[in-house]
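S.K.: With chain A held as given, fit chains B, C and D onto it using these hints.
Residue numbers (the UniProt record's numbering), protein chains in the order written: chain A, 1 to 315; chain B, 1 to 315; chain C, 1 to 315; chain D, 1 to 315.
Check the hints yourself; a few may be wrong.
Copies of the same chain look alike in the list, so a pair counts if it works inside one copy or between any two.
[Unchecked claim] Each computed SDA-like pair below joins lysine to any residue, with the alpha-carbon atoms no more than 25 angstroms apart:
id, residue 1, residue 2
1, LYS170, ASP128
2, LYS170, ARG186
3, LYS170, GLU237
Hints are computed from structural coordinates only; laboratory data are not their basis. All values reported here derive from a predicted model rather than from experimental measurement.
Number of protein chains: 4
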Amino acid sequence: MPGTPPTRFVYLGPEGTFTEAALRTLPAAERGMRTPARSVPEALEAVRSGDADAALVPLENSVGGAIPVTLDELATGSPLVITREVVIPVEFRLAARELIPLARIRTVAAHPQASAQCRNWLLAHLPDATVVDVLSNAAAAIAAAAGEYDAALCAPIGVPRNRLTVLADKVADHADAVTRFALLTRPGPVGEPTGDDVTSLAVSIRHDQVGALLAVLTELSVRGINLSRIESRPTGEQLGTYVFFLDCTGHVAETRMGEALQGLRRICAEVRFLGSYPRHRLTREDPVPSPPGLSDSDFADSAAWLSRLRAGEIH
Amino acid sequence: MPGTPPTRFVYLGPEGTFTEAALRTLPAAERGMRTPARSVPEALEAVRSGDADAALVPLENSVGGAIPVTLDELATGSPLVITREVVIPVEFRLAARELIPLARIRTVAAHPQASAQCRNWLLAHLPDATVVDVLSNAAAAIAAAAGEYDAALCAPIGVPRNRLTVLADKVADHADAVTRFALLTRPGPVGEPTGDDVTSLAVSIRHDQVGALLAVLTELSVRGINLSRIESRPTGEQLGTYVFFLDCTGHVAETRMGEALQGLRRICAEVRFLGSYPRHRLTREDPVPSPPGLSDSDFADSAAWLSRLRAGEIH
Amino acid sequence: MPGTPPTRFVYLGPEGTFTEAALRTLPAAERGMRTPARSVPEALEAVRSGDADAALVPLENSVGGAIPVTLDELATGSPLVITREVVIPVEFRLAARELIPLARIRTVAAHPQASAQCRNWLLAHLPDATVVDVLSNAAAAIAAAAGEYDAALCAPIGVPRNRLTVLADKVADHADAVTRFALLTRPGPVGEPTGDDVTSLAVSIRHDQVGALLAVLTELSVRGINLSRIESRPTGEQLGTYVFFLDCTGHVAETRMGEALQGLRRICAEVRFLGSYPRHRLTREDPVPSPPGLSDSDFADSAAWLSRLRAGEIH
Amino acid sequence: MPGTPPTRFVYLGPEGTFTEAALRTLPAAERGMRTPARSVPEALEAVRSGDADAALVPLENSVGGAIPVTLDELATGSPLVITREVVIPVEFRLAARELIPLARIRTVAAHPQASAQCRNWLLAHLPDATVVDVLSNAAAAIAAAAGEYDAALCAPIGVPRNRLTVLADKVADHADAVTRFALLTRPGPVGEPTGDDVTSLAVSIRHDQVGALLAVLTELSVRGINLSRIESRPTGEQLGTYVFFLDCTGHVAETRMGEALQGLRRICAEVRFLGSYPRHRLTREDPVPSPPGLSDSDFADSAAWLSRLRAGEIH
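One chain only, chain A, in its complex shape:
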């Protein structure tokens, strides 16, 4: 039912990954039902079909970049919208069945994204170990617990689950690495603006056209809309044909965002609205005020002025 807070949550599994940890930062999810899905498409399908109210899936990682499958799923199929974002620090743990010196480790199980984010750490601390690719962070922990490998690079949540012992904490090449997740629901009434919001869009653009992308950015910049993210994904049709994923500063209920969206709608092959939701900040930051002339009241003033012009009431 539109407007009802979600109670049945699905998330990209397996259990014991960063996604489950991210989901549990939401009080409603902590209270509600949480079901792991085997893949992002499966998670979203559960929401689309009504089997779940909301799905938490990864959107991007500050080191590894966008999660392509999430973007591709959002750009196609029946519409889903982001109602919340969750940003959590990415800190891996090196864990094993028992406490052993690093020098004795010969094999480390790791998801390729995890080993990529820890490459320098691994070179420095485990120069002689072989890193073996596995299919998830949770799978790494399970395989180490089963004794298939000497150690695992895994999420903190995976350590107690598999009764592992931590050999190294906060393993990461980039101390500030974070992953950003999106909580997706079926479309419904959009939440109120908070003054520090994000509006996400998927915009289709013709290829070979610097002008087309310039036009998109100009529609935004004329209304003082900033971008906090731009990602391109191929449409699958041919090289050079893209969908752009834009994270814009502002909320669909704000006039300037509304006007910019209308502008994009008019000039682009397709614009898919992916939600307006509060920005999740790890540190307190003052929201940027509207540029001069671009607040809702500036728009209201100019609309009133235009009405007077049209009525011939110019004083």
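M.R.: Chains B, C and D in isolation, oriented as in the chain A frame:
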């Protein structure tokens, strides 16, 4: 009374100039009362004070350019709007009290704008004559009729008025020279769009800022608004501070023009609306259709889409 | 001979106007020969034909705006360039044959630009006097001296010339009104940059094209070139066809100006270079430094980098 | 030795993938030495260290998008440049140890990118089979040959290598799917322009700035440079900080590209040149000519004009 057609007309005099000829192309003026004014400010003052319903004054000439006093008057004082434009060909006549050979002409009276527009003709046909500046085309004819000068360069309408004889017809360096006049009234309900309209604006801009002018043009170009004219006039405050007079293609009642006007209102120090009115074309021309995505129905479609987004009704 | 300082000066006459006063602020002119011309075209013709080395003519007035005839002359005919600008305050004097109370003045002779710049002063101090248009400030003084009118509005220089008595000093509606003059010569080697220079251009643009003007401004803004002035003049061919006169901040010898000029040359129907010369400032102002990345050394750095790229020397 | 054609090639292995097939389309590679690498970083390291002359690695896939690791490797470390691109159609084969009916297949081994590109085909033809992720297309074929799974989705080259039997040919959801590979070498003299070239760049831009990206695109569009691809990758420092990978139409030896590169160099935090090389087209297409005013000869003309201006030779 707003909406009542004007019956009392004032125009830049004296009688016998191109302005009177232009005014008489309007049926309502041909039927109504026509009073010459000694200057553009005097003509506009008559309308502002309610002594006249409408004033016809020159706006620009295709050879001599803008009429500065008209622009300056429109940019200041209580608002007036253009409700009609009249474009007429500028053809001077060389006239004298009686038929004399050109070779015998020693002095020619002419308004400086007239002699400027006929300079090459005068060099070719009257190489030895002295051109004497006088203060209007009508004054030239009067002075020639009084015998002060051998001949006058004047408007066709001045010849019979002063019982002069035409020595040369269609005198002009540029065969297609035209003058454009504006019919000004106090603000009232704006006429309906005709599909081929002009919207005139006076826009104040900070000096020393290529960026400020770029921003103004971008507000127009994003909405597919073209310019048929741009003139700058100093504000009188210091060098480099301008009011820009813009003639835009389109009508204030059209959505894209409305949105562009609101954009200008928000970014400019001041925007003065000078009217939306049918373009006067001397030759039949097909109006340019709206660029793709910028018709009123495109705007209506995008506004409806935005409403659906805001209501959470995305399908 | 190119490079030789001018010694024979011509200026827009008659004697006793602001132009003569402006010319005499130049030491070389004070020492050299100074000849009045009857018109701007006559003054420029003297330089073009070699009868004079340099001509001083008015370019614009902070109240009255551009001097159209000067712009039109610069845009056509054989090329001339501005080598100096002179900016002087415009202060009129009200003068008469003898000291009389203002209340007794019935007629005032004035050039129309002069009475326009003093309109409010005249309304306040001489509400009952009739202002009579004459053809120059000097003519006003001469006519008052001859007793044709009770008083004259004239330039300070006209008072002693005609043995008039000053009735009011510093007559002006705008206390800071200035007129800007250009010293024009035949093209020759351009002076060195001073760090606070102006480059003047006449640029031809297609009509009905907001895009064409946007393109011109973009060529400038991409290279961080600012405009201190933009004026449009009709080309005389048809309404809506313009030459734009641009005063740009910077000097043709600077790399970024050179690149911008090349860009304009490539995209415009015609670009006429009207000179690079030191900005004349009435008050001391610090010149604006190059924006980041746009100094000559930034250009030199990027050119060297490009050379290395092309040679395959990337380190 | 710079300029010597490469003879020692490395490619992303294992043997039997599309990358090996792509490499063998190059005659020099067919004649030379070809060594598989275990990863993109390992392949590039071999070139950087001098153990190999050139590395072929995948850049992007028309369905799956960019290959993140390739972009990240190109943006960091000692510079490498692209000297050739190879585009090949992506057609998977479904293969098994022996000819069996599709209905009997219970498990299919596939690399996740392969199963993603064939998802609809798999749903339609193998609705009941479980797709098992493996770490490469070659690994899929090997595992099927070993009997671990009933069938494999693999590259054509993997079928004979593992003595498999083809169950289905040209398996793909998008009939026109292609993968684009880059041949990377250490920097050296750049090849001659062919008239249909690509220039690849990695450009660092500040986050949260629609203006910064607009500025980059404007530097290109002012010089008529088009984009055939734009990809963003995080820098790893924080969310919202990107490197943009741009594929531009044109060659570094062309003047307009040179000027655009200099412009980017001046305004961007960092610009890394990744090579100018002939565009590989699967179908014959006429190259797009330079836009008006932007050919090398237009630039040469405008440069000559500027030299004349600076020398004072304006005629």
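S.K.: It remains to establish, for every hint, whether it holds in the given structure.
M.R.: Against the structure, the hints:
In the homo-oligomer, the alpha carbons of LYS170 and ASP128 lie at most 25 angstroms apart inside one protomer (21 angstroms), although the nearest pairing across protomers, at 42 angstroms, exceeds that limit. In this assembly of identical chains, the alpha carbons of LYS170 and ARG186 never lie at most 25 angstroms apart, being 36 angstroms within a copy and 36 angstroms across copies at closest. Only between protomers do LYS170 and GLU237 lie at most 25 angstroms apart by alpha-carbon distance; the minimum there is 16 angstroms, versus 42 angstroms within a single protomer.
Checked against the numbered hints listed earlier, the structure breaks hint 2 alone; every other hint is satisfied.
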